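Here are the chains, one letter per residue:
2 protein chains.
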Amino acid sequence: MAADFTVHPVGRVASPLRDAAAAPKQGDEGAPPAWLIFDSEYAGALADVRPGAEMLLLTWLDRADRGVREVRPRDDPGRPLTGVFSTRSADRPNPIGLHRVTIAEIDGVRLRVTALEALDGTPILDLKPVLDPATDR
Amino acid sequence: MAADFTVHPVGRVASPLRDAAAAPKQGDEGAPPAWLIFDSEYAGALADVRPGAEMLLLTWLDRADRGVREVRPRDDPGRPLTGVFSTRSADRPNPIGLHRVTIAEIDGVRLRVTALEALDGTPILDLKPVLDPATDR
Numbered sequence: 096m097a098a099d100f101t102v103h104p105v106g107r108v109a110s111p112l113r114d115a116a117a118a119p120k121q122g123d124e125g126a127p128p129a130w131l132i133f134d135s136e137y138a139g140a141l142a143d144v145r146p147g148a149e150m151l152l153l154t155w156l157d158r159a160d161r162g163v164r165e166v167r168p169r170d171d172p173g174r175p176l177t178g179v180f181s182t183r184s185a186d187r188p189n190p191i192g193l194h195r196v197t198i199a200e201i202d203g204v205r206l207r208v209t210a211l212e213a214l215d216g217t218p219i220l221d222l223k224p225v226l227d228p229a230t231d232r
Numbered sequence: 096m097a098a099d100f101t102v103h104p105v106g107r108v109a110s111p112l113r114d115a116a117a118a119p120k121q122g123d124e125g126a127p128p129a130w131l132i133f134d135s136e137y138a139g140a141l142a143d144v145r146p147g148a149e150m151l152l153l154t155w156l157d158r159a160d161r162g163v164r165e166v167r168p169r170d171d172p173g174r175p176l177t178g179v180f181s182t183r184s185a186d187r188p189n190p191i192g193l194h195r196v197t198i199a200e201i202d203g204v205r206l207r208v209t210a211l212e213a214l215d216g217t218p219i220l221d222l223k224p225v226l227d228p229a230t231d232r
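Protein chains in written order, with the numbering used here: chain G, 96 to 232; chain E, 96 to 232.
The hints are simulated quantities; they were obtained by calculation from the structure and are not laboratory data. Hints are not guaranteed to be accurate.
To be verified - Derived pair list, reagent style DMTMM-like, types lysine to aspartate or glutamate, alpha-carbon separation capped at 25 Å: (1) G:K120 / G:D171; (2) E:K120 / G:D157; (3) E:K120 / G:E149; (4) G:K120 / G:E149; (5) G:K120 / G:D170; (6) E:K120 / E:D157; (7) E:K120 / E:D171; (8) G:K120 / E:D143; (9) G:K120 / E:E149; (10) E:K120 / E:E200; (11) E:K120 / E:D186; (12) G:K120 / G:D143.
Being a predicted model, the structure only gives us computed values, none of them experimental.
If we strip away everything but chain G, and leave its shape as in the complex, we get (with noise of 0.2 Å):
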């Protein structure tokens, strides 16, 4: 039996979005801009973190279902039932959300983002540089 882990959220989501049902699906899909607020104790970690990056943020996805191993991708009933790790849906195991965002503006440890579909309060996991610009999603 696998041994669990604690993840300890470094922030939070800051956005005018509140209803998953009505949120665009990905950050391309018409979100709005967003605040991306971190804990103090986390400012060292973001001191390199320059206006103008596109970046990787990782999220928890808190209201998702973990006992979903199934859905219709992009909530279509008319598409198959498909296993989720081929889907990008929230509902899945481990509910991390992976979102390429741009960095617009820095105003001490909070950063805004031009687009992110992530909901408000949706917990901040991680934030990694691109590898690639042209590669990343």
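Using the hints, position chain E against chain G.
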């Protein structure tokens, strides 16, 4: 104070790589093939994964130091200390590894990938499709 969450591994990496110091830092830097061995309860979640697919593997880098906030990128003493959110260092608050992999072979709940820099025994958290084959890593 943010609430913690629990991740439960869905499988483990089987790889000839056993020494972090000797392992390549990214999968495209000479990493060997590896097997992703999922727990049988995730067979349904895996059912639509196909050989040849490019996917994003999320792991828990269980040998990381979670207290680190700044590192010298690529362990190069000539490079300046850099906040970990601007690096791909394994040492970070929530050590979630993000790996782009190509599925080479499927044997039940065991998936062979062509190249992976994760160490033997690394816990697997998630597997996601690449949204755009040209733009994920």
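Are the Cα atoms of K120 (chain G) and D143 (chain G) separated by 25 Å or less? 29 Å, violated
For the pair supplied as a hint, K120 (chain E) and D157 (chain E), confirm whether the alpha-carbon distance does not exceed 25 Å. Judged against 25 Å, a Cα distance of about 16 Å means the pair holds.
Sort out whether D171 (chain E) lies within 25 Å of K120 (chain E), counting only the CA atoms. 12 Å, holds
Given the hinted pair K120 (chain G) and D170 (chain G), is their Cα-Cα distance within 25 Å? Given pair K120 (chain G), D170 (chain G) holds - Cα atoms ~10 Å apart, limit 25 Å.
Is the straight-line distance between the alpha-carbon of K120 (chain E) and that of D157 (chain G) 25 Å or less? 31 Å, violated
Is the straight-line distance between the alpha-carbon of K120 (chain E) and that of E149 (chain G) 25 Å or less? 21 Å, holds
Agreement of K120 (chain G) and E149 (chain E) with the hint, judged by alpha carbon distance not exceeding 25 Å: Given that 25 Å is the threshold and the Cα spacing comes to 21 Å, the pair holds.
Hinted pair K120 (chain G) and D171 (chain G), Cα distance within 25 Å: 12 Å, holds
Hint consistency between K120 (chain G) and D143 (chain E) [alpha-carbon to alpha-carbon, up to 25 Å]: Judged against 25 Å, a Cα distance of about 20 Å means the pair holds.
Do the alpha carbons of K120 (chain G) and E149 (chain G) lie within 25 Å of each other, as the hint requires? 19 Å, holds
For the pair supplied as a hint, K120 (chain E) and D186 (chain E), is the alpha-carbon distance within the 25 Å limit? With a Cα-Cα distance of about 13 Å, the restraint between K120 (chain E) and D186 (chain E) holds, given a limit of 25 Å.
If you draw a straight line from the CA of K120 (chain E) to the CA of E200 (chain E), is it 25 Å or shorter? This hinted pair holds, its Cα atoms lying about 24 Å apart.
Hint compliance for this structure: hints 2, 12 are not met, and every other hint is.
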